[in-house]
Amino acid sequence: GDSVTQMEGPVTLSEEAFLTINCTYTATGYPSLFWYVQYPGEGLQLLLKATKADDKGSNKGFEATYRKETTSFHLEKGSVQVSDSAVYFCALSDYGGATNKLIFGTGTLLAVQP
Amino acid sequence: DTAVSQTPKYLVTQMGNDKSIKCEQNLGHDTMYWYKQDSKKFLKIMFSYNNKELIINETVPNRFSPKSPDKAHLNLHINSLELGDSAVYFCASSQDDRFLAGADTQYFGPGTRLTVL
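Residue numbers (my numbering), protein chains in the order written: chain A, 23 to 136; chain B, 763 to 879.
Next comes chain A alone, as it looks inside the complex (with noise of 0.2 Å):
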């Protein structure tokens, strides 16, 4: 089935430190990906996304690219801030025909010292 990779955390950087979180996936179709982000305490909020290959997301200074050639979709950011801090979560859509499920990887635990 269907299945994320992304990188074991915790990642610990930082302030102004550049970013990268892997993510690759396995899927049968064409999948849309994306990144999901879980501050303390809350719910996951999208941070961005990518419905076909070559596509980049971007949201609040984060980009990853859709590569299928790779089957990857890496989270980079080039300067962190401590308000980063958080839960990152990759995610595939698993269209059925009628609704589509998200299929999370592990997450990822992101700590930026000041």
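Any given hint could turn out to be false.
[To be verified] With a cut-off of at most 25 Å between alpha-carbon atoms, the simulated DSS-like pairs for lysine-lysine come out as follows: (1) A:K74 x B:K806; (2) A:K90 x A:K78; (3) B:K803 x A:K99; (4) A:K82 x B:K803.
[Claimed, not checked] Chain A is faced by these chain B residues, among others (derived, beta-carbon under 8 Å): (5) K803; (6) S810; (7) F826.
In short, the hints are calculated from the structure, not lab data.
Nothing here was measured: the structure is a model prediction, and the numbers come from that model.
Just so you know, even glycine gets a beta-carbon here, dropped at the ideal spot from N, CA and C.
With chain A held as given, fit chain B onto it using these hints.
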């Protein structure tokens, strides 16, 4: 103006009890979901409903029974609670435009932390 709301936020109960979690969305979406997040933060879908009709049931024990009185509400009832049911339960909704074929964004509620003692 909460888009997806859940009640209660915290639920602490004894093994063997029956409990319900309620979810409401005011986004006008057609599809609603329940996800379970375990202690390691892993998220897995449990159910989805489209216009009050059950679409996805991911081999969840039949102690869990979702109920959708209308397309804006999806409640989760759990019978005979077990220790392993302790988790955070998230409700979500999406428009599910068939032309987008899975590209719809799912909007999540704040979660309900269930602790079974």
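For each hint, the structure was consulted:
no.: 1; hint: A:K74 x B:K806; in the structure: holds, 24 Å
no.: 2; hint: A:K90 x A:K78; in the structure: holds, 12 Å
no.: 3; hint: B:K803 x A:K99; in the structure: holds, 23 Å
no.: 4; hint: A:K82 x B:K803; in the structure: holds, 24 Å
no.: 5; hint: K803; in the structure: holds, 4 Å
no.: 6; hint: S810; in the structure: holds, 5 Å
no.: 7; hint: F826; in the structure: violated, 16 Å
Figure legend: structure checked against the earlier numbered hints; the only hint not met is number 7.
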